[in-house]
Amino acid sequence: MFEIRLHGRGGQGVVTAAEMLSVAAFDEGKHAQAFPSFGSERMGAPVASYCRISDREIRLREPIMDPDALIIQDPTLLHSVDVFAGLKPDGYLLINSTRGLDDLGLAGLAARLPAHHAICVDASGIAQRHIGRPLPNAALLGAFAGLARVITLASVLKAIRARFAGKVGEANAAAAQDAFDILTTT
Amino acid sequence: MLKQIEGSQGIAEAVALCRPQVVCAYPITPQTHIVEGVGVMVKTGALTNCEFINVESEFAAMSVAIGASAAGARAYTATASQGLLFMAEAVYNAAGLGLPIVMTVGNRAIGAPINIWNDHSDSMALKDAGWIQLYAETNQEAADLHILAFRIAEELSCPVMVCVDGFILTHAFERIDVPTQEQVDMFLPPFDPVQMLDVDNPYSIGAMVGPEAFTEVRYLGHQKQVDALEVIPRLTAEFQQVFGRAAGGLVRPYRVEGAETVIVALGSVNGTIKDVVDAERDAGNSIGCVTIGAFRPFPLMELGDLLAGAKRVICVEKSLAPGLGGMVASNVRMAMRGTATPVYTVIAGLGGRPITRASLTTVFRAAAIGGLDDVTFLDLNRDAIAGQIARASRHRHSGPIAENLLKALNPGLVRRVSQEGAKP
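If you read the sequences in order, they're chains S and V.
In this text, residue positions in the first sequence follow our numbering: the first is 1, and each later residue adds one.
In this text, residue positions in the second sequence follow our numbering: the first is 1, and each later residue adds one.
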């Protein structure tokens, strides 16, 4: 079982991101379970969502406390919520930020993970270029496909297009492709 | 067709496949996505011959369902929490009149304090309203139970409540095998009401009944529930034949053979419990679990048989009967009358508190060495309790309990709010 915890702020689509991840995994024949955190869902408030991916039926209903991967949509959360709680020693860390890990004060944390497991991507900037709005979801999912290799980019793109029709879907898919390319060529 | 969809959407699609003729609802979290889903299908024409009625309250929702059902229409609604309590009078009426309405309850806590998250306080509050109560363990089952519910309801002319854990199931994306219309049509024939308001053949439904017959009406309502103990397993077996998978049933045992400790629970927490059972079995501990699929009628005999070999029974319950403990355990003790087997209550998951494998494992192991109280509150914050008790004993005017606890648990949050509040 591979467990992903996503942190964002209400309105950034952290729940939608987890749902699209689960759809991408389902498309690859896996079992997947996505669900929201059981906290207050106010615009701007810290929120979390979860996605489990497994080859077998998923029965577990507890929140993800020891994630294999963390996706942080909003770097300002680093100082208000214990977003790193329980991250496995061989886990992955993906942060939406224009700054680097050193700059964010995360060099020590990144050093404890395997090489190339922690990375910052300017998902909001990529989204701004492709979608015209700083909605980092699609770009983060594209980057995640390149980072952890749990799901393929093709499945992510399909899940994005299934969720958002027409031009919006294409723009989001382009953002995901761009983030994947940036991550896999650097 | 296998789909990766939200639980609420799966329920909505299953309900639509049952060809309801009247759907009435008032939105309340976490039920809203279900009726929105049905509403979209009516609007787009995917669900035909169905009237979707927006009503002004839950009381109106159940009243419209009663009127529709009495007029011979297949009627459906959904609610949760305070919404269920607000329609309580009409919920009793639907059962008293013997109208086969199907209602989803997206299980949620009841205020005060206000809380939108999951527990079973709502459906437990109305467990004795005369409705059959089915509890879903997974989103596949949540969808399937609605198809079963219409069939059970119409065969017995008794309303059925399908209880689905709010957020944990209603808002979870999982794979759901949505059946075909042909399958559902094969399993669920058109509604053939045993009573119907008809201008060409007028009679009244809901006459006043005095002491001369009220007990008999109630007895017959009870008898329907007793009959359901036979009907539910039969239709569950038929469901499996048509759809190729199990769903529903009165009770479902898991690894209870020779188990010294047996856990009993309703709803989605059984998934987590099964994972704990597997881990504990691997660790050499003798444990199993039983899912109660139908809480009303209560499967006394079936549970009694399954629990006969246990040395101890632990009921993990998502509702509290204040002043008593646990309603599930009280009912389970009835199933085990005549035995000396201890039946423990573990109150868990109130107001959406996560029920974790770690915490469950701790209490299950404590029970195995005789270290569990009759009633245990899982993960209870004893420091917070002690602080409030001390505060209340120091001051007569100690203030509201809920706010005091929030202040004690979130000092930073309250300080920020009070500072902002102090600004001119």
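Take these hints with a grain of salt, some might be off.
[Stated by the list, open to error] Straight-line distance between alpha carbons at most 27 Å, and here's what the computed DSS-like set of lysine-lysine pairs gives:
id : chain 1 : residue 1 : chain 2 : residue 2
1  : S       : 88        : V       : 274
2  : V       : 3         : V       : 43
3  : V       : 127       : V       : 224
4  : S       : 167       : V       : 3
5  : S       : 167       : V       : 43
6  : S       : 158       : V       : 127
These are computed hints drawn from the structure, not numbers from a lab.
Bear in mind the structure is a predicted one, so any value in this text is a computation, not a measurement.
Original post:
What hint numbers does the structure not satisfy?
Top reply: 6
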